[in-house]
Amino acid sequence: MNIPEDRRYSKTHEWVKLEGDVATVGISDFAQESLGDVVYVELPESGRQVAAGEAVAVIESVKTASDVYAPLAGEVVEVNESLADEPELVNGDPYGGGWLFRLRVSRPAEFESLLDASAYAKVIEEEE
Amino acid sequence: MKKTPLYDEHLRLGGKVVEFAGWALPVQYTSITKEHLAVREAAGLFDVSHMGEFFVRGKEALEFLRWVALNDAARLKVGRAQYSMLPNDKGGVVDDIYVYRLSEGEYLMVVNAANVSKDWKHLGKLAQGFDVDLVNASDDWALLALQGPRAAETLQVFIDVELSSKRKNSTFTAEFAGLPVRLARTGYTGEDGFEIFCAPEDSSRIWRSLIDAGVTPAGLGARDTLRLEAGFPLYGHELRDDTNPKCTHLSWVIKNKPYYGREAIDAGSCRQRLVGLLLERGIPREGYTVFAEDKEIGMVSSGTQSPVLKRGIALAWLDSPHAEPGEEVMVEIRSRLYPAKVVKTPFVELAKK
Numbered sequence: 001m002n003i004p005e006d007r008r009y010s011k012t013h014e015w016v017k018l019e020g021d022v023a024t025v026g027i028s029d030f031a032q033e034s035l036g037d038v039v040y041v042e043l044p045e046s047g048r049q050v051a052a053g054e055a056v057a058v059i060e061s062v063k064t065a066s067d068v069y070a071p072l073a074g075e076v077v078e079v080n081e082s083l084a085d086e087p088e089l090v091n092g093d094p095y096g097g098g099w100l101f102r103l104r105v106s107r108p109a110e111f112e113s114l115l116d117a118s119a120y121a122k123v124i125e126e127e128e
Numbered sequence: 129m130k131k132t133p134l135y136d137e138h139l140r141l142g143g144k145v146v147e148f149a150g151w152a153l154p155v156q157y158t159s160i161t162k163e164h165l166a167v168r169e170a171a172g173l174f175d176v177s178h179m180g181e182f183f184v185r186g187k188e189a190l191e192f193l194r195w196v197a198l199n200d201a202a203r204l205k206v207g208r209a210q211y212s213m214l215p216n217d218k219g220g221v222v223d224d225i226y227v228y229r230l231s232e233g234e235y236l237m238v239v240n241a242a243n244v245s246k247d248w249k250h251l252g253k254l255a256q257g258f259d260v261d262l263v264n265a266s267d268d269w270a271l272l273a274l275q276g277p278r279a280a281e282t283l284q285v286f287i288d289v290e291l292s293s294k295r296k297n298s299t300f301t302a303e304f305a306g307l308p309v310r311l312a313r314t315g316y317t318g319e320d321g322f323e324i325f326c327a328p329e330d331s332s333r334i335w336r337s338l339i340d341a342g343v344t345p346a347g348l349g350a351r352d353t354l355r356l357e358a359g360f361p362l363y364g365h366e367l368r369d370d371t372n373p374k375c376t377h378l379s380w381v382i383k384n385k386p387y388y389g390r391e392a393i394d395a396g397s398c399r400q401r402l403v404g405l406l407l408e409r410g411i412p413r414e415g416y417t418v419f420a421e422d423k424e425i426g427m428v429s430s431g432t433q434s435p436v437l438k439r440g441i442a443l444a445w446l447d448s449p450h451a452e453p454g455e456e457v458m459v460e461i462r463s464r465l466y467p468a469k470v471v472k473t474p475f476v477e478l479a480k481k
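Line by line, the protein sequences are chains A and B. 1 is the number of the first residue of the first sequence in my numbering; add one for each residue after it. 129 is the number of the first residue of the second sequence in my numbering; add one for each residue after it.
Hints listed in this document are in silico derivations from the structure and should not be mistaken for laboratory results. Please note that the accuracy of each hint is not assured.
Listed next, the in silico DSSO-like pairs over lysine-lysine satisfying Cα-Cα at most 30 Å (straight line) [unchecked claim]:
(1) Lys122/A / Lys385/B
(2) Lys144/B / Lys11/A
(3) Lys122/A / Lys253/B
(4) Lys385/B / Lys253/B
A few chain A residues that don't get close to chain B, going by computed Cβ distances all over 10 Å [unchecked claim]:
(5) Gly36
(6) Asp37
(7) Tyr40
(8) Glu42
(9) Glu45
(10) Val58
(11) Glu60
(12) Lys63
(13) Thr64
(14) Tyr95
(15) Arg107
(16) Ser113
(17) Glu126
Quick reminder that beta carbons are idealized off the backbone N, C-alpha and C, glycines included.
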């Protein structure tokens with residue numbers, strides 16, 4: 001299972017990469033693998049204020065619909081428009097082209113309270 | 129969880145194993161979409177060994193089947209099979225089944241895995257008073273389903289019987305590379321294909337031969353999307369103990385003859401009917417509410433994104449006035465309403481064989 005160390009993770013399988021006060025959010029390789037073929041992604045609107053832990057996006061695979069939670073509080077500043085035509089990017093490139101949305105985070109320091117790669121690896125182990 | 133005789137094959141092929149009706153079975157090997165399209169375009173192989181098999185034998189085997197099932201087994205010549213249902217006495221369905229006539233007085237009934245013990249009890253009770261011998265052979269057989277437009281040509285290489293002479297719903301014994309099998313030209317995908325009954329100990333050899341011949345292994349996920357595109361019901365979703373089969377597009381199985389529970393089915397009224405829904409946008413799922421204007425008119429019983437159409441499709445129970453093809457309705461998906469049209473099933477064009 002691929003878990004890059006250049007970012008942090010939530011227990012609900014989102015990853016977060018922080019640059020300045022802007023956090024890019026996607027779902028982990030483990031999450032995309034569990035969901036199977038992604039066929040539709042419903043993204044939040046830019047400008048929306050979200051709380052940490054709030055359901056902000058939905059990923060639909062052939063099998064099921066799954067909520068994506070905001071790992072940090074902030075304002076949605078950008079969403080990945082290419083997922084409208086290529087939702088399968090979430091499967092093929094979960095840590096790159098399959099990113100979901102960007103947040104301008106209210107308290108960047110909270111990034112440190114998220115799981116690092118090794119802590120997230122343990123979360124996965126428990127679920128498997 | 130029970131394991132089918134092909135469990136190790138699923139692991140060897142990287143199948144993602146999940147629990148289904150008490151059985152450990154692969155939901156997918158690589159991707160539901162890929163496996164689905166392989167069945168529509170070439171050939172796919174499913175392990176359906178979890179399904180139940182009952183033999184019905186004896187002097188009154190036919191009379192018994194005519195009494196317990198909606199379709200009329202009297203129409204079956206030796207070597208032919210039919211879709212049918214077991215009614216209860218409350219106007220509902222105990223299970224939907226396939227009945228095969230193996231020889232003069234011998235029938236095979238294939239039932240849903242989730243219903244094996246329920247069906248067995250139900251049939252046992254009804255068998256009193258009939259000169260009939262019921263055998264639950266569910267654990268004695270492995271069952272493989274080879275489905276898709278290339279199923280016949282792929283299977284022919286291994287089989288000593290000319291398959292082109294066997295029509296849909298035929299069943300016959302044969303040898304698969306020397307191993308004794310029973311074949312049936314039946315399936316649950318809407319494609320041409322064969323179901324292969326064999327001894328559990330032979331199943332891996334047959335499975336591997338077909339995989340090595342280029343057939344795509346396909347899991348429960350694709351089985352579900354394929355049957356849904358074909359408009360086939362899944363027991364526990366479209367059909368239940370309290371759904372009247374005459375209110376579905378499968379009402380053709382009900383033949384005009386005496387049968388157990390007929391009064392209740394005759395007396396039932398179709399407040400709702402089972403229909404197909406096709407969406408422009410949005411993916412309907414089981415349990416989603418269907419509206420017409422502001423009024424709740426029904427519920428989705430199964431839904432998915434069709435891998436062939438790349439659009440949302442569903443089977444749904446709708447209030448009868450809205451259950452006509454062409455009706456415009458709305459499906460509620462995460463608090464938003466998405467337009468849907470009532471359509472005839474199958475959702476995709478299927479092979480006619």
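Which of the numbered hints are not met once you compare them with the structure shown? The structure breaks hints 1, 3, 5, 6, 7, 8, 10, 11, 12 and 13; every other hint is satisfied.
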